[in-house]
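J.: Residue-level listing of the chains:
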Amino acid sequence: MIQSFLSYLHSNVTPGEAGSLPWVVIYVLLVFLGISVGVIFMNWFERKVMAHMQVRLGPMRVGPMGLLQPVADAIKLLLKEDLAPTGADKLVFWFAPIWVVMTAFCSFIVVPFGRTHAITDMNIGVLFMLGVSSLGVLGVIMAGWASNSAYPLLGSLRSGAQMVSYEIAMGMSVISAIMMTSMATGTGTLSMIGIVQAQLQQHRWFVFSFFPLGLIAMGVFSIAMVAETNRAPFDLPEAESELVAGFMTEYSGFRWSLFFLAEYTAMFGVSSIATTLWLGGWLRPFPNLLAGPNWELAFSLVPGLSVIVLGALCLFRYTRMPRIREMRPEAVGLAVFGAMLGLLGLVQLLPGVRERVQDIFWFTLKVFFFMYLYVWYRTTFPRYRFDQLMKIGWKVLLPISIGVVIATALIAVRQELFALVWR
Amino acid sequence: MVEELKQVHGEAILKAESYLGQNYLVVDRSVCHQVIERLRNQFGYTSLTDISAVHYPKDELPFEMFWILYSMAKEDRVRIKTRFAEADEVPSITDLWVGANWLEREVYDMFGLRFAGHPDLRRILMPDEWTGHPLRKDYGAEQQDQAWVQKNLGIESGQ
Amino acid sequence: MKDEPFYEPLEEVEPGHTFLDSTELTLNMGPQHPSTHGVLRVVLKLDGEKVNGLECIIGYLHRGIEKIAENRTWVQFGPFVDRFDYTAAVSNSLGYCLAVEKLLQVEVPKRGQYLRVILTELCRLASHQLWLGTHVLDIGAVTPLFYAFRDRETILNIFEGYCGARLTNHAFRIGGCRWDAYEGFSQEVTKVCNDLMPKIDEYADLITGNRIWKQRTKGVGRISGEDCIAYAITGPVLRGSGVRWDVRKAQPYCSYGDFEFDIPIGAAGDTFDRYLVRLEEMRQSIRIIRQALEGLPEGPVIARVPKVIKPPAGEAYCAIEAPKGELGYFVVSDGTAQPYRVRVRPPSFINLQALEKMAKGGLVADVVAIIGTLDIVLGEVDR
Amino acid sequence: MKVGELLKKIFLVDLFKGLAVTFRHQHPEHVVTEQYPLERPKIAPRFRGMPRLLKNPDGSDRCTACGACVLACPEDLIKVGSVRDEKTKKKVLTTFDFDLGRCLFCGLCEEACPPECLDFTTEFEMGLYSREGTVLNRQQLEDGVQRKEFKK
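Protein chains in written order, with the working numbering: chain H, 1395 to 1817; chain C, 159 to 317; chain Z, 51 to 433; chain R, 312 to 463.
Hints listed in this document are in silico derivations from the structure and should not be mistaken for laboratory results.
Keep in mind that this is a model prediction, so the values were computed, not measured.
Just so you know, even glycine gets a beta-carbon here, dropped at the ideal spot from N, CA and C.
Careful, some of the hints might be misleading.
[To be verified] Taking lysine-lysine pairs in the BS3-like style, the calculated list, with each CA pair at most 25 Å apart, reads:
| id | chain 1 | residue 1 | chain 2 | residue 2 |
| --- | --- | --- | --- | --- |
| 1 | Z | K241 | R | K353 |
| 2 | Z | K264 | H | K1785 |
| 3 | H | K1789 | Z | K264 |
| 4 | Z | K299 | C | K232 |
| 5 | Z | K241 | H | K1785 |
| 6 | R | K313 | Z | K268 |
[As the list claims (entries may be wrong)] Taking beta-carbon pairs under 10 Å as the criterion, some of the chain Z residues facing chain H (in silico):
| id | residue |
| --- | --- |
| 7 | L75 |
| 8 | Q82 |
| 9 | P84 |
| 10 | S85 |
| 11 | I189 |
| 12 | A191 |
| 13 | F196 |
| 14 | L413 |
Make a model of the complete structure from these sequences and hints.
T.: As structure tokens, this is what we get:
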């Protein structure tokens, strides 16, 4: 039992493939925890970035640099009264947020954080992810319907129409990426891990293949995914200036926070699809060009070192803080936080750990690039109107993505085509 | 202009004067709508500025309505005033300016003057069931519809 | 407080009955709603997202200020007028003072007039910035609000320095200005004007060119010039529809005739045009302020008025161009120290009437955009 | 449509322009937040804040209990109590109540005060937990408020 448990450590596959149930459970818990921490961090990150773009400071008071603000908010939300409207369908009302969270987390079953860091590797991974993440709309519609109120209903109707329409453009752009996987080997794959490995074999990320086709496909996907997750400028289902809070209007306290969790998890989910498909997933920069043991070592040190630098920054800020009584908890908190980061960084420099961690580091970095885009869009753009949103989905993104699919296919089979023509 | 109006309406134009450089016409209630219409259509006073009333409780006809019209071509304002008793109905000018709608509703709300031919004469600022018309001189500054407040707000008094 | 709840008992809701039984959805927007700019309540009749009809229900902020006027002296009513349009308190104050000065037949000294012009134009800038921020926020862009408020703050600082309050200033007194400019006033105003010009271009960079903004505003809430006049609309909304009319030009008050400025007009009369008109008005305001600062004469700022103001019996109407439109005061005096009647012509109140016409047939999102573009302040609508 | 405009539209130039503006503003030097109460705003000397009754430098009452402020106040919230001194035949101030809860901070009372004794200070922190405390008596008005200092 223990033998088989430990033997997984030496294997080179995901726990799902290895069939090791205890490790699957551990991975599930780790992913759940990691995503939850990620959501909390993302909350802080979004508020901070938005604040600075809006010439404000953002959260500053709870914890060092306001880092604990989301935690404080979460506690507040848990303690808040849980209200349900009088005419609500109680069962559905209760179930809707759980459903949304469930589907959002389910999609992470196949997300590869590294070569071995996925719960399992499915041969239909991308399909599974798209399918599961689109189930979330069901929860939104349930929430809107069960609230028995006008704003949530309108919000959920919008959400239903919007998510269904953008799914198609999304799927089309995914197809073009999948076609690219068959370039070198001749056989395509839908497995998330397979897609990243295909990028490794072809010596380029799919964004850059068939330039600019890959870029366009990623552009279409990255627009559609914003709409898919109901974020600005496509945040019509929860447009606060029109529908108050859309489908979440009647929710409060813990259930509201579940929606919040689900929204950010879904954002992570679609961003990981985009990262995997076009930005080379867990691959470090230039895995083929800068190969060799020295480069290998240098790149594997980056995650640990960057965490240490972060910790050092915190300690530096601590030394710059004024020594007064009111600021002491904050200062001590910052120092402890910095020390913890430094320790974490040191741990990541250990030989056994650093090879395993670096995949996750690169993956997370790429995902946060998309997260930053999300925040950036949100601060900059006004909101689309419903009919315009539909127009963009059906009349702009869909034709472009279909065009990209056709163009990719034509280029992929160009030799055969030429042969056909010249014969 | 005044001569022309006097020719048409005769005695109904009671006064046509200017005070502090501002022209005003005092007309009889019976002709105020015609006068306003004539000013609008013949003399170019195409814009409506304001409608309101003043309450003189001691006078025989206690309510004085006034309309302020403006001519963009002449860059000139004119005020038409007329006196009413409470029971009298004022002709509505919503057929000339759609925008008179709310202004007349406000006069109805504040003074209780009824407008003949107004499409939708309801209270506008005060609650629909409120009793009393606040801008009348006999309505106290701290007076309120106690029954309404108790019924709808669930408090003893709004003060 | 009574023990039982004052709302309808719950049993009256039939079990299984929902509002969905009807084909038309009645949506109650407000009085508590993020984008009705206060306590406006709009009842929308919706067919899906389409607005089939709507009705404004106002009066939630009714404080009876016109009634209060009849129970105060002329001087004491001064601070109350700030509470009409609290985003442009200086303009309100100016209108009231001009009306009473007309009754008193008092001429304000030139320096006082110029100071008034500077402050009212600053107030127009502040009001337009508030409008810009909230209007853009209604349409979904969060950031311009903060930029607009950051710049508005500098103007409020000038108000604070000049008259000691930031929002409800009570800046002017009957007869002129209470205070002369403080030390460093003209430098600060010049600095604000110089800083503001590039900021307005920055708003334009962020918003004007943006395709989403254009799609959301072009052709939305269209109203023709004739309709505007029929609805008695004034101010930037009227000018957005192509009618070149501004009280400052038509009937110059407070020595506005001394300054050179243009009246921007729109062509299509839609939300986008009104946006451009207001942006241009901000530039013109800066132009006026610069001229007024240059030509600021020396001398007293307040005319000699008696301590207890008793205007001779009579009545006068005085209108100014407030940021929202024509703000008029009709004052009736019976010769005592108390006003007999003070009637305000509130531009927001009258402009709001057109909401029904402009929003009918549009979508829910357009209603929000149109409420924003009408630039209403509920303090003025409800009084 | 001109080619240039079309290209601009295809390459989303307008959107990138907006993105550039928000990106630029991220620099910390643009931050305008004022970290109250660690940082206190600059208050103009003319600011109309907490009212105060000034005394003469020698500690005697400057207020002559004339009641000009009572007459000037639009909200009628000032109550002045006085007794007539037997010897000098002058009014002497006994009580002075100022209801902050209804105050408009219009400054009319300050302007009306003949001995310039009523003064609006630059103190703006007047928040209270109950309505009872809004009525200031003479002692409070003469003492002014003691401010709690915070440092950054």
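J.: Now look at each hint and say whether the structure bears it out.
T.: Hints, one by one, checked against the model:
Using a Cα cut-off of 25 Å, the hinted pair K241 (chain Z) and K353 (chain R) holds, with the two alpha carbons roughly 18 Å apart. With a C-alpha separation of about 15 Å, the suggested pair K264 (chain Z) and K1785 (chain H) falls inside the 25 Å cut-off, and the hint holds. Taking the CA atoms of K1789 (chain H) and K264 (chain Z), the gap is near 18 Å; set against the 25 Å cutoff, the hint holds. With a C-alpha separation of about 13 Å, the suggested pair K299 (chain Z) and K232 (chain C) falls inside the 25 Å cut-off, and the hint holds.
Restraint check for K241 (chain Z) and K1785 (chain H): not satisfied, since their Cα atoms lie roughly 46 Å apart, outside the 25 Å limit. At most 25 Å may separate the alpha-carbon atoms for a hinted pair to count; K313 (chain R) and K268 (chain Z) meet this at roughly 20 Å. The beta carbon of L75 (chain Z) is positioned within 10 Å of a beta carbon in chain H (closest approach about 6 Å), and the interface hint is therefore held. Look at Q82 (chain Z): its Cβ gets to within about 9 Å of chain H, closer than 10 Å, so that hint holds up.
Residue-level restraint check for P84 (chain Z) holds (minimum Cβ-Cβ distance to chain H is 5 Å; threshold 10 Å). Annotation: interface hint on S85 (chain Z) holds; nearest CB of chain H at approximately 4 Å, less than 10 Å. The restraint placing I189 (chain Z) at the interface with chain H holds, with a minimum CB-CB distance near 4 Å, inside the 10 Å limit. With a least beta-carbon distance of about 4 Å to chain H, the hint placing A191 (chain Z) at the interface is held under the 10 Å criterion.
A cut of 10 Å between beta carbons decides the hint on F196 (chain Z): the least distance to chain H is about 4 Å, and the hint holds. The restraint placing L413 (chain Z) at the interface with chain H holds, with a minimum CB-CB distance near 6 Å, inside the 10 Å limit.
Comparing the model with each numbered hint stated earlier shows that hint 5 is the single one that does not hold.
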